[in-house]
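Undergrad: Sequence:
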Amino acid sequence: MRNIKLFVALAMFGLILAGCSASKQHKDPSWTTKPSNLQVVFTAPVVLDSAKDNCPMFPWYYTPSILPGKDPRPICERDSLMLPDEMKKMSEWFLNNIDNTLKFNSSSHYKISEISKELVSYSEKDVDGEKLRVPMLKSMSDSADVYMVLDSIQLKSNIQVREGAVTTLKSVGMKVGTTVNDNCLYISASYAFYDVKTGKSLDYGYLEESQCSDQKVIEHDWVSVLRELILHMIEKTPIAQF
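All residue numbers for the sequence shown refer to my numbering, where the first residue is 17 and numbers rise by one.
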């Protein structure tokens, strides 16, 4: 059995993508009519492949602080690109997995396509007292009732080193800690829904989803993170059927 922790990226250890604000969403309670036709568009996803490494030379050697009943303490993190071969054609993989998620979780008829960044402009919205950069299309086709726009899509992975078991060095009478490595995946995106006839923005936001596991990363792990991202975007909207 794979030991997996799936969560909105605000949660565990406060892990968020560097340089990004926390997840923020605006849900319009007046949007109650299910669109007959939904057009989903997205700009090319970007894979972040940096070289951040704040781990000491010997991360397994530290003074343990873990207490009974408490979560293990994160020690450091090391960037590591963990993309399976199935994801080499990133845009195609992204489209197919949005399709698979909507197929089973939306009752609206929909189409999905990738678009150029040049077709996207931005507006600033206030969400919970913070400014949010919201994507919007420069033009929309009247063949759809509602557009779902995904932009600034980023994928990242790293190794999180956390506390493991405590060992006593009898020769010096000192307790030291061992460590456990978790492989962590992150996907983030800005999004917005628009009424085609009025041009009004319905729901919008910025979301980060992540998953950590002490097992080797496989494609299904990335699929799970993307699925949660899309489900959080459509939840509490007329599009969702869950």
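In case anyone wonders, no lab produced these hints; they're calculated from the structure.
For glycine and all other residues, C-beta sits at the position ideal for the given N, C-alpha and C.
Hints are supplied without guarantee of correctness; some may be wrong.
Said to hold, decoys possible - Calculated cross-link-like contacts (lysine-lysine; reagent style DSBU-like; alpha-carbon spacing at most 35 Å):
#  : residue 1 : residue 2
1  : K216      : K43
2  : K43       : K119
3  : K213      : K68
4  : K216      : K50
5  : K154      : K232
6  : K119      : K154
7  : K213      : K133
8  : K141      : K216
9  : K147      : K68
10 : K147      : K133
11 : K43       : K141
12 : K105      : K43
13 : K216      : K119
14 : K232      : K127
15 : K105      : K68
16 : K232      : K50
17 : K50       : K105
18 : K213      : K252
19 : K141      : K232
20 : K43       : K147
21 : K50       : K40
22 : K40       : K252
23 : K133      : K105
24 : K216      : K154
25 : K119      : K232
26 : K127      : K68
27 : K68       : K133
28 : K43       : K133
29 : K147      : K40
30 : K50       : K133
Stated by the list, open to error - Pairwise CB distance ranges (calculated):
#  : residue 1 : residue 2 : range
31 : E251      : Y138      : 49 to 59 Å
32 : T214      : S123      : 18 to 28 Å
33 : D95       : K141      : 46 to 56 Å
34 : S46       : K105      : 18 to 28 Å
Undergrad: For each hint, tell me whether it holds in the structure or not.
TA: Verification of the supplied hints:
1. K216 to K43: The given pair, whose Cα atoms are some 13 Å apart, holds under the 35 Å limit.
2. K43 to K119: holds, 22 Å
3. K213 to K68: Not satisfied, since the Cα-Cα distance of roughly 46 Å exceeds 35 Å.
4. K216 to K50: With Cα atoms ~15 Å apart, K216 and K50 stay inside 35 Å; holds.
5. K154 to K232: violated, 42 Å
6. K119 to K154: holds, 27 Å
7. K213 to K133: The hint holds at about 23 Å.
8. K141 to K216: holds, 13 Å
9. K147 to K68: With Cα atoms ~28 Å apart, K147 and K68 stay inside 35 Å; holds.
10. K147 to K133: The given pair, whose Cα atoms are some 21 Å apart, holds under the 35 Å limit.
11. K43 to K141: holds, 13 Å
12. K105 to K43: holds, 33 Å
13. K216 to K119: holds, 26 Å
14. K232 to K127: holds, 34 Å
15. K105 to K68: holds, 25 Å
16. K232 to K50: violated, 40 Å
17. K50 to K105: Holds, at roughly 32 Å.
18. K213 to K252: holds, 22 Å
19. K141 to K232: At roughly 39 Å apart (the allowed maximum being 35 Å), K232 and K141 break the hint.
20. K43 to K147: Roughly 16 Å separates the two Cα atoms, so the pair holds.
21. K50 to K40: Between K50 and K40 the Cα gap is close to 23 Å, so the pair holds against 35 Å.
22. K40 to K252: holds, 15 Å
23. K133 to K105: It holds: about 18 Å lies between the C-alpha atoms, which stays within 35 Å.
24. K216 to K154: holds, 13 Å
25. K119 to K232: holds, 28 Å
26. K127 to K68: Cα-Cα ~38 Å, so violated.
27. K68 to K133: holds, 28 Å
28. K43 to K133: This hinted pair holds, its Cα atoms lying about 25 Å apart.
29. K147 to K40: Answer holds: K147 to K40 is near 10 Å, not above 35 Å.
30. K50 to K133: holds, 28 Å
31. E251 to Y138: 49 to 59 Å: Since E251 and Y138 have Cβ atoms about 24 Å apart, the given range 49 to 59 Å is violated.
32. T214 to S123: 18 to 28 Å: holds, 22 Å
33. D95 to K141: 46 to 56 Å: violated, 31 Å
34. S46 to K105: 18 to 28 Å: violated, 39 Å
Of the numbered hints stated above, those contradicted by the structure are hints 3, 5, 16, 19, 26, 31, 33 and 34, listed in ascending order.
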